[in-house]
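Engineer: Sequence:
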Amino acid sequence: MKTFFTALLGFILGGIVVAWLLPTRPRAEKAKEPEHEHEAADARVEHGTNGEVLIKLSKEIQAKMGLATTQLIAMTAAQDVRGYGRVLDPAPLSAILAEIQSATAALEASKREHDRLKILNAQDQNASARSLEAAQAAMKRDHILLETSRLRLATGWGSAVADRPDLPELVSQLSRQERALAQISLPLGSPEPGSPVVGRLASVGNDTEIIKSEYVGLAPIADSQTQGRSYLFLASTPELRPGVPLVAWLQLSGEPAKGVLAPNSSVLRHEGETFVYIQSADDAYMRVGVELDRPSEGGWLVREGLQPGGRIVIAGAQQLLSEELKGKGGEE
Numbered sequence: 570m571k572t573f574f575t576a577l578l579g580f581i582l583g584g585i586v587v588a589w590l591l592p593t594r595p596r597a598e599k600a601k602e603p604e605h606e607h608e609a610a611d612a613r614v615e616h617g618t619n620g621e622v623l624i625k626l627s628k629e630i631q632a633k634m635g636l637a638t639t640q641l642i643a644m645t646a647a648q649d650v651r652g653y654g655r656v657l658d659p660a661p662l663s664a665i666l667a668e669i670q671s672a673t674a675a676l677e678a679s680k681r682e683h684d685r686l687k688i689l690n691a692q693d694q695n696a697s698a699r700s701l702e703a704a705q706a707a708m709k710r711d712h713i714l715l716e717t718s719r720l721r722l723a724t725g726w727g728s729a730v731a732d733r734p735d736l737p738e739l740v741s742q743l744s745r746q747e748r749a750l751a752q753i754s755l756p757l758g759s760p761e762p763g764s765p766v767v768g769r770l771a772s773v774g775n776d777t778e779i780i781k782s783e784y785v786g787l788a789p790i791a792d793s794q795t796q797g798r799s800y801l802f803l804a805s806t807p808e809l810r811p812g813v814p815l816v817a818w819l820q821l822s823g824e825p826a827k828g829v830l831a832p833n834s835s836v837l838r839h840e841g842e843t844f845v846y847i848q849s850a851d852d853a854y855m856r857v858g859v860e861l862d863r864p865s866e867g868g869w870l871v872r873e874g875l876q877p878g879g880r881i882v883i884a885g886a887q888q889l890l891s892e893e894l895k896g897k898g899g900e901e
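Take the sequence shown: its letter number 325 is residue 894 in our numbering, and every next letter is one higher.
You may find that some hints are simply not true.
[To be verified] Heads up, simulated SDA-like pairs for lysine to any residue below, C-alpha to C-alpha not over 20 Å straight-line:
id: 1; residue 1: 781; residue 2: 810
id: 2; residue 1: 633; residue 2: 853
id: 3; residue 1: 781; residue 2: 827
id: 4; residue 1: 895; residue 2: 852
id: 5; residue 1: 625; residue 2: 827
id: 6; residue 1: 781; residue 2: 739
id: 7; residue 1: 827; residue 2: 650
id: 8; residue 1: 687; residue 2: 650
id: 9; residue 1: 709; residue 2: 739
[As the list claims (entries may be wrong)] Restraint ranges, calculated between C-beta atoms of paired labels, are given here:
id: 10; residue 1: 763; residue 2: 858; range: 36 to 42 Å
id: 11; residue 1: 637; residue 2: 794; range: 49 to 55 Å
id: 12; residue 1: 842; residue 2: 734; range: 46 to 52 Å
id: 13; residue 1: 850; residue 2: 807; range: 44 to 50 Å
id: 14; residue 1: 805; residue 2: 874; range: 34 to 40 Å
id: 15; residue 1: 842; residue 2: 664; range: 22 to 28 Å
id: 16; residue 1: 793; residue 2: 685; range: 46 to 52 Å
id: 17; residue 1: 858; residue 2: 895; range: 17 to 23 Å
id: 18; residue 1: 879; residue 2: 647; range: 43 to 49 Å
Hints are computed from structural coordinates only; laboratory data are not their basis. Using N, Cα and C, we set each Cβ at its ideal position, and we do this for glycine too.
Make a model of the complete structure from these sequences and hints.
Structural biologist: Structure (structure tokens):
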């Protein structure tokens with residue numbers, strides 16, 4: 570009997586708890602709805618009349634994301650042609666220079682011996698005609714060896730390198746990696762750069778960091794892949810190691826190119842595309858694909874797609890991309 574009353578009491582209490590929970594749970598869920606609706610209203614992705622994707626953001630969300638823009642400025646720059654290349658290994662150049670120095674020393678020694686025997690032979694002293702002929706043959710041999718080494722230097726590295734009066738010092742700097750010698754090749758059929766050749770070099774993958782360089786001359790051997798003309802540049806930087814791939818912009822003659830300056834901080838790359846975000850309204854931002862024509866101080870010359878006077882995002886562009894991808898249902 571006591572067990573029966575205990576079970577009955579438990580059943581009654583359980584019913585009271587269930588009856589109390591059922592109405593409160595929907596109220597709790599309902600109370601959360603305005604918060605989600607508020608977040609959706611703060612950030613949303615829409616499509617413009619021309620199919621462009623617009624990211625609409627409230628002022629509060631813009632501030633929270635740290636968005637910052639700047640005005641696009643018109644600019645002009647010399648037109649150029651893009652080439653690719655690499656930092657050359659100085660070891661072969663150092664080896665052939667050592668050959669030349671050794672051959673030069675041997676020739677000087679054999680010439681002194683020839684001259685000594687020639688004087689002795691002329692004075693009827695202890696110098697036979699045979700020994701004089703042997704000395705003359707040795708001198709000619711050393712001369713041929715020297716000229717052969719010099720020819721190898723000219724054909725392998727070009728006259729611009731071979732004829733440098735400071736070549737020994739340059740090779741020493743290259744070996745210590747204080748400077749770097751680079752070969753830049755243009756695709757076959759590319760226009761020739763202007764004269765004098767002016768180039769801007771950068772490491773592949775880090776093309777916003779322009780490397781200070783000077784033009785040396787034409788490379789004697791074309792690149793086997795591009796088959797176009799090749800040029801030699803000297804870079805004064807210790808960061809470049811032999812074999813590092815490079816990209817270069819060689820200046821062309823003619824009218825300068827016109828466009829706007831896209832700051833480095835505005836440029837994004839995603840899935841093989843390069844683009845920036847512009848502010849199309851107080852609460853709207855739009856992604857614009859761009860082609861980076863050439864690097865400039867602090868940014869890139871963009872000739873198409875952007876207009877002077879517009880506002881470009883320089884802080885928070887990555888967050889805008891995340892919002893756009895979320896709006897499309899994708900993942901960053």
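Engineer: Now look at each hint and say whether the structure bears it out.
Structural biologist: Now the hints, each set against the structure:
{"no.": "1", "hint": "781 to 810", "in the structure": "holds (15 Å)"}
{"no.": "2", "hint": "633 to 853", "in the structure": "holds (15 Å)"}
{"no.": "3", "hint": "781 to 827", "in the structure": "violated (24 Å)"}
{"no.": "4", "hint": "895 to 852", "in the structure": "holds (18 Å)"}
{"no.": "5", "hint": "625 to 827", "in the structure": "violated (31 Å)"}
{"no.": "6", "hint": "781 to 739", "in the structure": "holds (16 Å)"}
{"no.": "7", "hint": "827 to 650", "in the structure": "holds (15 Å)"}
{"no.": "8", "hint": "687 to 650", "in the structure": "violated (61 Å)"}
{"no.": "9", "hint": "709 to 739", "in the structure": "violated (30 Å)"}
{"no.": "10", "hint": "763 to 858: 36 to 42 Å", "in the structure": "violated (30 Å)"}
{"no.": "11", "hint": "637 to 794: 49 to 55 Å", "in the structure": "violated (42 Å)"}
{"no.": "12", "hint": "842 to 734: 46 to 52 Å", "in the structure": "holds (49 Å)"}
{"no.": "13", "hint": "850 to 807: 44 to 50 Å", "in the structure": "holds (48 Å)"}
{"no.": "14", "hint": "805 to 874: 34 to 40 Å", "in the structure": "holds (35 Å)"}
{"no.": "15", "hint": "842 to 664: 22 to 28 Å", "in the structure": "violated (46 Å)"}
{"no.": "16", "hint": "793 to 685: 46 to 52 Å", "in the structure": "holds (51 Å)"}
{"no.": "17", "hint": "858 to 895: 17 to 23 Å", "in the structure": "holds (20 Å)"}
{"no.": "18", "hint": "879 to 647: 43 to 49 Å", "in the structure": "violated (24 Å)"}
Hints 3, 5, 8, 9, 10, 11, 15, 18, counting from the list given before, are not met by this structure.
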